[in-house]
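Each number in my numbering corresponds to the 1-based position in the sequence shown with 23 added.
Quick caveat, the hints were computed from the structure, so don't treat them as lab data. Careful, some of the hints might be misleading.
Claimed, not checked - Cβ-Cβ distance ranges computed for the label pairs, FRET-style:
(1) V143 <-> L76: 44 to 52 angstroms
(2) N108 <-> C151: 26 to 34 angstroms
(3) Q55 <-> N108: 16 to 24 angstroms
(4) F88 <-> N108: 42 to 50 angstroms
(5) T139 <-> S109: 24 to 32 angstroms
(6) R134 <-> T64: 44 to 52 angstroms
(7) V58 <-> D202: 17 to 25 angstroms
Yeah, the Cβ is synthetic: ideal placement off N, Cα and C, and Gly gets one too.
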Amino acid sequence: LTLQCKINKTHNMKKILLTSALLLAALGTHAQLHVDLRVGTAAASFGDQHLKLGLRTGVGVEYLFGGRFGIRTGLYYTNKGASANSNVFDYKHAVRLSYLDLPVEAVGSFRVAGRTRIEVHAGPYVACRVRSVQPEGNHYDAMRRELGAGAGFDFVAGRFIVGPEAQYGLPRLAKPGSDHAMTYALTLGYRF
24 LTLQCKINKT HNMKKILLTS ALLLAALGTH AQLHVDLRVG TAAASFGDQH LKLGLRTGVG
84 VEYLFGGRFG IRTGLYYTNK GASANSNVFD YKHAVRLSYL DLPVEAVGSF RVAGRTRIEV
144 HAGPYVACRV RSVQPEGNHY DAMRRELGAG AGFDFVAGRF IVGPEAQYGL PRLAKPGSDH
204 AMTYALTLGY RF
């Protein structure tokens, strides 16, 4: 009886996985759903601090209704923070904060020529800090969660994407009196 139950569970799991794979394949062939991988750089700052360079990478998902307007989301790993030094590569004097960002944005897609499009997007995002590295002697207590607004555009040529964007953190980054976080990013992507 125990062996039969394990066999049934395995068989049911295979059915679920096969059905899920077929559903994803069917959705992936639909021209309105787009999934893309992105990697690029982020330049972040807050207050009177200098820009700090970092990484921005992740997976984006976009669904267009009727080919022109839709919604866009994804999950991105973004290095934020700021530097007390004007050298963007001096990480010794920088507050380095790493976040997982989840944007939910409206998108408008406009054909330029053939398979070339410009997509404009804007909307809110939520982020959760996953790492914090600070210079010795600095005890900057950044909030663990961030809510903000983002905007940008993507230049899409076939399956390749170049996308500049900006994010503005709505709550103050730390305790009252600190400044809002500002992040600028440029990513390159591949669309499946």
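Here's how the hints hold up against the structure:
Range check, V143 to L76: about 25 angstroms between beta-carbon atoms, so the 44 to 52 angstroms window is missed. The hint said 26 to 34 angstroms for the Cβ distance between N108 and C151, and at roughly 28 angstroms that hint holds. With their beta carbons about 47 angstroms apart, Q55 and N108 fall outside the hinted range of 16 to 24 angstroms. Our hint of 42 to 50 angstroms for F88 and N108 holds, since their Cβ atoms are close to 47 angstroms apart.
Our hint of 24 to 32 angstroms for T139 and S109 is violated, since their Cβ atoms are close to 38 angstroms apart. Taking 44 to 52 angstroms as the suggested C-beta distance range, the pair R134 and T64 does not conform, at roughly 28 angstroms. For the hinted restraint 17 to 25 angstroms between V58 and D202, the CB-CB distance of approximately 35 angstroms leaves it violated.
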